[in-house]
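**Student:** Using the sequences provided together with the hints, build the complete structure.
2 protein chains.
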Amino acid sequence: MKTINIGLMGFGTVGTGVVRLLSEHAALLAHRVGTSLRLRRIADRDIESPRPVEVDPKILTTDPQQIIEDPSVDIVVELLGGITPTRELCLEALHRRKHLVTANKALLATHGLELFEAASKSRVDLGFEASVCGGIPIIRALREGLVANRITSIVGIVNGTCNYILTKMTQEGRSFQEILQEAQREGYAEADPSLDVDGIDSAHKLQILASIAYRSYVDLRSIYIEGIRAVDPSDIQYAKELGYRVKLLAIAKEVGGELEVRVHPALIPEDHLLASVGGVFNAVLIEGNAAGSLIFYGRGAGQMPTASAVVSDIVEIAQNIVHQRPSRPPHLPEITTVEVSLKEMDRLRTGYYLRVMAIDKPGVLSKVSGILGEHHISIASVIQKGRREQRTVPVVMMTHEAQEGDMRKALAEIDRLDMVTGRTVCLRVEGSHT
Amino acid sequence: MKTINIGLMGFGTVGTGVVRLLSEHAALLAHRVGTSLRLRRIADRDIESPRPVEVDPKILTTDPQQIIEDPSVDIVVELLGGITPTRELCLEALHRRKHLVTANKALLATHGLELFEAASKSRVDLGFEASVCGGIPIIRALREGLVANRITSIVGIVNGTCNYILTKMTQEGRSFQEILQEAQREGYAEADPSLDVDGIDSAHKLQILASIAYRSYVDLRSIYIEGIRAVDPSDIQYAKELGYRVKLLAIAKEVGGELEVRVHPALIPEDHLLASVGGVFNAVLIEGNAAGSLIFYGRGAGQMPTASAVVSDIVEIAQNIVHQRPSRPPHLPEITTVEVSLKEMDRLRTGYYLRVMAIDKPGVLSKVSGILGEHHISIASVIQKGRREQRTVPVVMMTHEAQEGDMRKALAEIDRLDMVTGRTVCLRVEGSHT
Chain X
1 MKTINIGLMG FGTVGTGVVR LLSEHAALLA HRVGTSLRLR RIADRDIESP RPVEVDPKIL
61 TTDPQQIIED PSVDIVVELL GGITPTRELC LEALHRRKHL VTANKALLAT HGLELFEAAS
121 KSRVDLGFEA SVCGGIPIIR ALREGLVANR ITSIVGIVNG TCNYILTKMT QEGRSFQEIL
181 QEAQREGYAE ADPSLDVDGI DSAHKLQILA SIAYRSYVDL RSIYIEGIRA VDPSDIQYAK
241 ELGYRVKLLA IAKEVGGELE VRVHPALIPE DHLLASVGGV FNAVLIEGNA AGSLIFYGRG
301 AGQMPTASAV VSDIVEIAQN IVHQRPSRPP HLPEITTVEV SLKEMDRLRT GYYLRVMAID
361 KPGVLSKVSG ILGEHHISIA SVIQKGRREQ RTVPVVMMTH EAQEGDMRKA LAEIDRLDMV
421 TGRTVCLRVE GSHT
Chain H
1 MKTINIGLMG FGTVGTGVVR LLSEHAALLA HRVGTSLRLR RIADRDIESP RPVEVDPKIL
61 TTDPQQIIED PSVDIVVELL GGITPTRELC LEALHRRKHL VTANKALLAT HGLELFEAAS
121 KSRVDLGFEA SVCGGIPIIR ALREGLVANR ITSIVGIVNG TCNYILTKMT QEGRSFQEIL
181 QEAQREGYAE ADPSLDVDGI DSAHKLQILA SIAYRSYVDL RSIYIEGIRA VDPSDIQYAK
241 ELGYRVKLLA IAKEVGGELE VRVHPALIPE DHLLASVGGV FNAVLIEGNA AGSLIFYGRG
301 AGQMPTASAV VSDIVEIAQN IVHQRPSRPP HLPEITTVEV SLKEMDRLRT GYYLRVMAID
361 KPGVLSKVSG ILGEHHISIA SVIQKGRREQ RTVPVVMMTH EAQEGDMRKA LAEIDRLDMV
421 TGRTVCLRVE GSHT
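If you read the protein sequences in the order shown, they are chains X and H. All residue numbers in the first sequence are consecutive under my numbering, ending with 434. All residue numbers in the second sequence are consecutive under my numbering, ending with 434.
I should point out that these hints are in silico values taken from the structure, not numbers from a laboratory. Check before you lean on any hint, since a few could be wrong.
Claimed, not checked - These stretches of chain H come out as covered by chain X in the derived footprint (C-beta under 8 Å, 3 or more residues):
1. 43-54
2. 131-143
3. 148-156
4. 287-298
Unchecked claim - Interface residues of chain H toward chain X, partial, derived using beta-carbon atoms under 8 Å:
5. Ala307
6. Val311
7. Ile321
8. Leu417
As the list claims (entries may be wrong) - In the DSS-like style, the derived pairs of lysine-lysine whose C-alpha atoms are separated by at most 30 Å in a straight line are:
9. X:Lys121 - H:Lys2
10. X:Lys367 - X:Lys385
11. H:Lys253 - H:Lys367
12. X:Lys253 - X:Lys409
13. X:Lys240 - H:Lys168
14. H:Lys385 - H:Lys409
15. X:Lys168 - X:Lys121
16. H:Lys367 - H:Lys385
17. X:Lys121 - X:Lys58
18. X:Lys168 - H:Lys121
19. H:Lys240 - X:Lys240
20. H:Lys409 - X:Lys2
21. H:Lys409 - H:Lys240
22. H:Lys2 - H:Lys168
23. H:Lys367 - H:Lys409
Beta carbons: idealized from backbone N, C-alpha and C, even for Gly.
**Tutor:** Written out as structure tokens, the structure reads:
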């Protein structure tokens with residue numbers, strides 16, 4: 001049986017993990033695949049620095065084009081990251097009928113359609129298990145395990161950095177900035193943390209999950225994105241007193257034939273299973289109309305978990321090659337046949353947490369609740385924190401389900417009140433029914 | 001493209017769910033498979049009772065043999081349950097080169113090897129996603145998603161009935177018998193509950209999971225099994241005071257090249273993620289050497305979750321038929337190539353919870369701890385509940401890690417003490433390191 005040749009583009013942390021798994025588990029993987037997997041070539045800008053894995057120096061190159069042009073390479077593994085020139089390299093690999101495995105969520109979320117089309121045209125596989133939630137086999141679960149389900153919702157904690165920061169803020173009551181700087185020192189956050197803390201990375205993963213679940217290529221630009229920079233420790237504290245935790249959630253939900261896709265911090269009840277997902281862990285709650293509620297939990301990032309997912313894709317594709325199975329039913333038609341209409345954010349219905357900063361004098365609550373009432377928003381509970389007459393105090397409220405557009409209008413009016421001294425904090429509430 | 005014909009043996013609860021999914025999601029499934037799935041024939045002893053799904057009465061038969069002998073049937077779905085005559089029917093279906101999908105964990109755990117051999121010989125698929133944890137795609141996750149991992153441990157809450165009973169006992173402080181009877185009235189427990197409450201059903205599922213994870217057919221008889229009948233509400237209460245929950249766990253763990261396979265009630269720390277798995281839900285914690293800790297959570301039983309898993313297997317097999325892919329690499333060689341040696345229970349090392357019932361007089365603790373010490377067991381903490389001189393009181397202890405064989409000997413000695421008035425309760429402790 002022909003050996004399967006692998007070309008690895010990107011010999012960084014995850015790349016090193018992939019090399020380690022391919023070498024340490026060589027016998028096991030060969031047994032699973034039915035033939036051996038050979039690392040044919042590795043491309044990286046830096047091929048000088050020592051890595052904690054042994055590779056034949058002859059297979060190292062600084063030119064990824066050498067992998068793409070090597071006719072013996074069956075599967076290209078892309079771990080370069082970024083969009084340019086990665087996109088071009090991937091497209092060319094696919095055009096040259098090489099199977100592709102990638103962990104690049106940014107690339108898939110922005111240029112996925114093009115890649116799926118190219119893969120479909122060349123009748124090759126495109127594996128991307130590693131692009132969402134690292135070691136958790138969530139793509140397989142959605143695409144295969146839940147194939148008989150209409151997915152009603154996906155609610156995920158899919159960014160480890162944000163979850164680490166929010167968990168620390170909750171446990172220690174310290175500020176976002178302080179924890180972020182600490183996380184950066186400890187290597188849990190990037191030097192430029194915006195992709196993570198501004199919710200963009202979560203949106204990339206949501207784009208991929210929603211596209212598979214709803215078989216419709218969701219445009220990244222249609223996802224509502226709000227990060228965690230503005231989350232204040234006091235709001236985490238008040239949420240805690242009310243029996244909630246604050247988490248950055250990535251949500252895709254079908255409501256009345258329309259799809260909501262949004263990333264934002266949200267309050268979830270403390271007894272909700274996602275509430276106890278702490279630190280860098282990821283978890284995704286999927287509701288299927290047949291399977292019911294499912295949760296997938298694990299390490300969403302890191303060298304070996306991500307490498308584990310990459311190698312699972314390599315094995316699946318290699319099995320297809322060995323057994324001369326055609327590649328899986330192309331993803332593209334699966335993704336574009338069902339049209340879902342996206343729900344505008346203004347029409348979202350959810351519960352809200354509000355913190356109004358107002359001068360402590362009679363009539364404040366009546367004014368604020370009056371404005372809310374005019375916009376069809378009813379209050380479920382109020383906590384007025386402290387009493388400091390004529391000084392600013394926080395008025396914390398939980399509302400019943402209301403419409404986002406109404407809430408925005410009400411907030412604009414509330415913030416214009418003389419007695420309101422700062423911008424009202426507004427956080428959405430999720431998961432009250434689970 | 002040829003239609004794929006399905007023969008369904010067993011038109012009970014789950015069978016009805018399968019029929020419903022195949023009909024309600026017909027278009028979606030046809031799209032996924034690449035051709036339509038047709039329910040060719042349904043066999044059940046009872047074809048008279050009305051079901052809440054519509055089927056052509058002409059496809060109903062009381063004779064499962066008609067399905068097996070029908071040359072047009074591609075995939076046989078076995079939802080009859082039981083061992084006889086189900087085993088013979090399944091074997092014959094496989095011999096006749098029909099693909100088989102089954103949810104029958106008892107059959108797989110007792111006669112799996114024979115079935116895998118028959119499937120392998122006939123080069124057909126054998127799908128059994130529905131046999132473990134209902135709607136949770138755990139088989140796929142282990143076999144495919146974690147293919148690059150050495151599995152270090154599997155710890156699962158895999159029996160909904162037991163978890164429901166233990167959850168209720170924890171919440172309400174009532175006895176096993178009382179909750180069991182209530183569960184029977186409410187349909188959460190069978191009239192004959194022994195398969196569930198004696199841990200046998202959990203052992204069946206563990207047998208399947210461990211055989212896949214460790215690629216070695218684990219003999220059901222080698223699994224240590226202890227059910228929940230003897231769990232007393234007082235022990236649940238003391239465990240709670242100590243910061244633990246009591247759960248029935250199914251455990252497969254590789255320790256020093258040996259495999260532990262055991263089902264028993266155990267204390268787990270209250271902040272352990274499995275501790276918050278309540279009611280009829282199932283959850284399995286899998287540790288892989290690359291992917292790290294993963295948890296899969298969901299409905300482990302019930303009509304639609306189980307049907308969801310059955311249909312996911314039907315779809316996978318149907319795709320293989322459509323694309324003329326040979327069946328997956330046969331399971332059998334995968335299962336028998338790696339030999340694992342099973343660890344005898346006496347050599348298990350774990351922490352223990354003990355409740356000694358003893359006359360409240362000076363020297364009891366010193367006697368008991370003396371015996372434990374002689375057997376190399378050291379005490380981590382003690383709670384002496386109540387003080388009733390010269391009357392029996394419970395002495396509750398947590399030990400450090402000790403060896404099961406030592407513990408058994410120590411318990412025999414302790415229970416022979418004059419001052420000890422009843423059999424000492426001994427529960428294992430799990431998950432302190434997660």
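**Student:** Each of the hints needs a verdict: does it hold here or not?
**Tutor:** Quick rundown of the hints versus the structure:
1. Counting residues of the region 43-54 of chain H whose C-beta lies closer than 8 Å to any C-beta of chain X gives 0; at least three are required, and the coverage claim is violated.
2. With a threshold of 8 Å between beta carbons, the proposed coverage of the region 131-143 of chain H by chain X holds, since 6 of its residues qualify and at least three are required.
3. Interface restraint, the region 148-156 of chain H with chain X: holds (3 residues with C-beta to C-beta distance below 8 Å; minimum three).
4. Coverage of the region 287-298 of chain H by chain X holds in this model, with 11 residues showing a Cβ closer than 8 Å to a Cβ of that chain against a need of three.
5. For H:Ala307, the suggested interface contact is upheld, since its CB lies about 6 Å from the closest CB of chain X, less than 8 Å.
6. At about 4 Å, the closest approach between the beta carbon of H:Val311 and any beta carbon in chain X falls short of 8 Å, and the interface hint on this residue holds.
7. For H:Ile321, the interface hint is violated, since its Cβ never comes within 8 Å of a Cβ in chain X; the closest pair sits about 12 Å apart.
8. A least Cβ separation of about 42 Å between H:Leu417 and chain X goes past the 8 Å threshold, and the interface hint is therefore violated.
9. Pair hint X:Lys121 plus H:Lys2 holds up; C-alpha atoms about 24 Å apart against a cutoff of 30 Å.
10. For the hint linking X:Lys367 to X:Lys385, the alpha-carbon distance of about 17 Å falls within 30 Å, and the restraint holds.
11. For the proposed pair H:Lys253 and H:Lys367, the alpha carbon gap of about 34 Å is over 30 Å, so the pair is violated.
12. Among the hinted pairs, X:Lys253 with X:Lys409 is consistent with the structure: their alpha-carbon atoms are about 24 Å apart, no more than 30 Å.
13. For the proposed pair X:Lys240 and H:Lys168, the alpha carbon gap of about 26 Å is at most 30 Å, so the pair holds.
14. Among the hinted pairs, H:Lys385 with H:Lys409 is consistent with the structure: their alpha-carbon atoms are about 25 Å apart, no more than 30 Å.
15. Between the alpha carbons of X:Lys168 and X:Lys121 the distance comes to roughly 47 Å, so the proposed pair goes past 30 Å and is violated.
16. Proximity of H:Lys367 to H:Lys385 is assessed by CA-CA distance (about 17 Å); at most 30 Å being required, the pair is judged to hold.
17. Distance check on the hinted pair: X:Lys121 and X:Lys58 sit about 33 Å apart at the alpha-carbon level, beyond 30 Å; violated.
18. Note on X:Lys168 and H:Lys121: the hinted pairing is violated, with a Cα-Cα distance of about 56 Å set against a maximum of 30 Å.
19. Restraint check: the Cα-Cα separation between H:Lys240 and X:Lys240 comes to about 23 Å, which is no more than 30 Å; the hinted pair holds.
20. Among the hinted pairs, H:Lys409 with X:Lys2 is inconsistent with the structure: their alpha-carbon atoms are about 58 Å apart, more than 30 Å.
21. Of the pairs offered as hints, the one joining H:Lys409 and H:Lys240 holds, with about 27 Å between alpha carbons and a cut-off of 30 Å not exceeded.
22. Restraint check for H:Lys2 and H:Lys168: the C-alpha separation of about 51 Å exceeds 30 Å, so the hint is violated.
23. For the hint pairing H:Lys367 with H:Lys409, the CA-to-CA distance comes to about 15 Å; that is within 30 Å, so the pair holds.
Consistency note: the structure conflicts with the earlier hints numbered 1, 7, 8, 11, 15, 17, 18, 20, 22.
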